[in-house]
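These protein sequences, in sequence, are chains R and B. Using the working numbering, you'd call the opening residue of the first sequence number 428 and step up by one each time. Using the working numbering, you'd call the opening residue of the second sequence number 919 and step up by one each time.
Hints in this document: simulated from the structure, not taken from any laboratory. Among the hints, erroneous ones may be present.
Claimed, not checked - As a list, the in silico BS3-like pairs of lysine-lysine whose alpha-carbon atoms are at most 25 Å apart:
(1) B:K949 with R:K455
(2) B:K1132 with B:K1145
(3) R:K479 with R:K455
(4) B:K1027 with B:K1017
(5) R:K723 with R:K479
(6) R:K455 with B:K1027
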Amino acid sequence: MAAPRDGTLSWFLALTLGVSLIKFLLIKAYHSTDFEVHRNWLAITHSLPVSKWYFEETSEWTLDYPPFFAWFEYGLSHIAKYFDEEMLVVQNLTYASPATILFQRLSVIFTDLVFVYAVCFSSCVKYRVCFVTMLSLKAYFVPSFVLAVLLLWNFGLLIVDHIHFQYNGFLFGVFLLSVARHFQGRHLEGAFLFAVLLNLKHIYLYIAPAYGIYLLRSFCLIQDNSDGSLKWRNFSFIRLAALGIIVCSVFALSFGPFLALDQLPQVLSRLFPFKRGLCHAYWAPNFWALYNAADKALSVLGIKLKLLDVAKLPKASMTGGLVQEFQHSVLPSVSPLITLICTLISVSPALFSIWHRPCGARGFLRCCVICALGSFLFGWHVHEKAILMAILPLSILAVESKDDAGVFLILATTGHLSLFPLLFTTPEFPIKILLMLLFTLYSFTSLKRLFRPECCLINTVESVYLSGLIPLEIFCELIYPLTSWQQTFPFIPLLLTSVYCAFGIIYSFFRLYGILLRGPRYTTKRKSH
Amino acid sequence: METWAVASICVLLGLTARWTVSLNSYSGASKAPMFGDYEAQRHWQEVTFNLPVRQWYFNTTDNDLKYWGLDYPPLTAFHSLLCAHIANLINPDWIELHKSRGYESPAHKFFMRATEMSDKLHLPAHNINPFLHFFFQSSALLCILLYPGLILIDNGHFQYNSVSLGLALWGVLGLGCGHDLLGSLAFTLALSYKQMELYHALPFFWYLLGKCGKLGLTGKGLILLVKISLTVLVSFALCWLPFLFDPQQTLQVIHRLFPMARGLFEDKVANVWCSLNILVKIKTLLSVDTQIYLSFGTTLLAVLPSSIKLLMKPTFWQFRLALMNSSLAFFLFSFQVHEKSILLAIWRGLTFRNTLFIFLQFALSVLTMAGLSFMSAALEPPAKLPDLFPVLVSACACVHFLGFLLYFNLVQLTESPRSDKKKIN
């Protein structure tokens, strides 16, 4: 792997400073209840002893991330006290003084440096960078530059972290570093980083199967037969043991204190709250959104055609603001177990594929994306923000292969548009439009340029679908609020956005499977410059 | 990547930076009774919408000139009228006569910021020279679009400088592409929007006059001169039409535009008079009339060399240099200059690049400003001199601007008559 020379890092610095400028300018933007969530966690971890962390209930936003994140908040709280000590009082619910806002926003911006470092590592080190000067046109069309922009300036990450308010930046940084280590063949470090990541945010369990199968197959099995099939005799128990020790020690460090305090059931119940409904208040654009929509449509149709009795239908609304368990009216109800089975079925072919025909680290990364997407599409109580878990790693594949680039364009555009309902305030409306245009324009033009000799990355049908996002958005954000239905059926724009985007995401899922199962010899590689 | 994509991305970045800045507070927010520039703009919408044209610039029972009276030329007033009509469709309370004073609400703020954003006339004016290197194109575009001074004043503080600057830029471009009439028209409109554009007026005049002279004052040159004069006169007449019927109206408007009674300067501004005032209290020593003559004389003297050179050699490069010199000279020496007027000079300066001098000056400026800013923030000024730091900053800046004035004059004057080097645009 060629190490980056200083000259080529100046453009990276410019990109980082540019996006950091935008982040600083967004300090005053709207923030969601997630802001209060994290303030509350700062307060809990600072003011209370460890034994009370997962029992504290003064605020409705109880601690529901794994222990490492709690320790992270604890660390932050020691800096927070220099900004405003009042934010660390648990009873100060919804406390949001200017100093609090400044501190929280700055903490996201600065922890993003982990992400910046990871991107620098992924884009500069992973690729053999063409050592041309900044003034040359070529410098802007190497994969490293395009990848750096697609990651650093990712629309979803910007608006979720720096407007809505979350800490996904540094978590993705850890994930990218882990992936980079696997690309470099340093599997133990990669496994370690992933174990740490799991203990920071357990949503990464979505891609744990990919890690497990890949490490077993490509790391523990030292050598294959000449025809590529398994050679069980080469199974290295030492390597397996090493992996096991690393992973177990990380988990022990994380959960150990709570195990000692006999609080493990409580912690787990906080981490996996299955009492919440099948869908979030705003439906993530996944398979269940389509399922719910179909159920609603059928029930309305059934009532109109007098096939169903209105009185017998369950009253609970799945489209209301509260998240509660509900029953479907026409179609069978879905339980957490069913979603788990569906998820496992959806990702199994991919896992089998990298087991039987490992394609190295690239195949592993594609499997990660598929696992993330599969879990997104079929999981229980999925947040729409989870789509970022698929979009970001796919960026790495997109700059290398034409097919992946095509899928990326569809997934990223659709996924990002599905995040629009997160920002529903008027002043943020122009910002999300501008940033979305910026990212979409760049991703389309740069990827087209990267694969220029080839024909278009997306075909006519896909273009039509993507173009349909524009009238959808105009209707949902501009036209519908001016109609009288806004008062009676406020969820219709959310439903429409969710359902429309779900089609694009499901389509991307199948396309990715196609690429994975077709194998590496059919993947059209980018012509190297 | 296609040029249009690069340009669009730069424009989108510029717009994003502007809109995120506008999330912040504006001038005079919640500061009763006078509030600030934001309230001034809102008040002008109120005045122009509710009152007849003949009352706009006069002190009447309905129009109290002391409360943000109109002090920009008629095009600003018409622009406010247009915004007022839109405001009236959305919420008439925003511009109700008298009652809407100090009106503040999130919806109104969004409306005002939106009117500000929609006036980005200068954005399409940044043509990209297709022969220029990709890197220079995009970096130049970004420099201009992300210029913090303009963003902060327009989108933060709240003003509509982009409109007049944009029109002036169209004027310069028009002249650069050889479309003299369109360029003159654009500049006339700019002048009718904000009288600050007078800083650029002399170079336009000398350049066009010189060009006509070169074409031959008896032949083609005369025809061009007549055409340009007609264009300018007619456009002025159209903009000022309602105020030309009554001489009193015209005089009153001019009186509002040029408030001579307010003295040589106000507050802290980085020009020569304010800096000189530290040592010699000219503001109190001289009468207002003497101050007017003094500033008039020194300004004329300061622009004389560059004007003569431009008249003798009316090339586009000379024209751009003269614009720079003129705006700097006016800023440094003229009457009642506001600190925001430096935008005009800096705006011009942004289009020049690649001179070592500028780079050195820039480095020196940054260091000095950093030092002064640090001192302003960290240290307390002595009790007898409470304005010490702002004054020091102004004085330092003034020295820099004088340096720039000297440098650009030298560049313009020393350009040999036969050299026709292709300068980087």
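**Message:** Run the distance test for K479 of chain R versus K455 of chain R: straight-line Cα separation, threshold 25 Å.
**Reply:** With Cα atoms ~33 Å apart, K479 of chain R and K455 of chain R exceed 25 Å; violated.
**Prompt:** Under the criterion that the straight-line Cα-Cα distance not exceed 25 Å, is the pair K949 of chain B, K455 of chain R satisfied?
**Reply:** The given pair, whose Cα atoms are some 20 Å apart, holds under the 25 Å limit.
**Message:** Just to be careful, I want the Cα atoms of K455 of chain R and K1027 of chain B compared with a cutoff of 25 Å; is the pair within it?
**Reply:** Holds. K455 of chain R to K1027 of chain B sits at ~15 Å (cutoff 25 Å).
**Prompt:** Given the hinted pair K1027 of chain B and K1017 of chain B, is their alpha-carbon gap at most 25 Å?
**Reply:** holds, 17 Å
**Message:** Holds or violated: K723 of chain R and K479 of chain R, Cα atoms, limit 25 Å.
**Reply:** violated, 43 Å
**Prompt:** Is the straight-line distance between the alpha-carbon of K1132 of chain B and that of K1145 of chain B 25 Å or less?
**Reply:** holds, 16 Å
Hints 3, 5, counting from the list given before, are not met by this structure.
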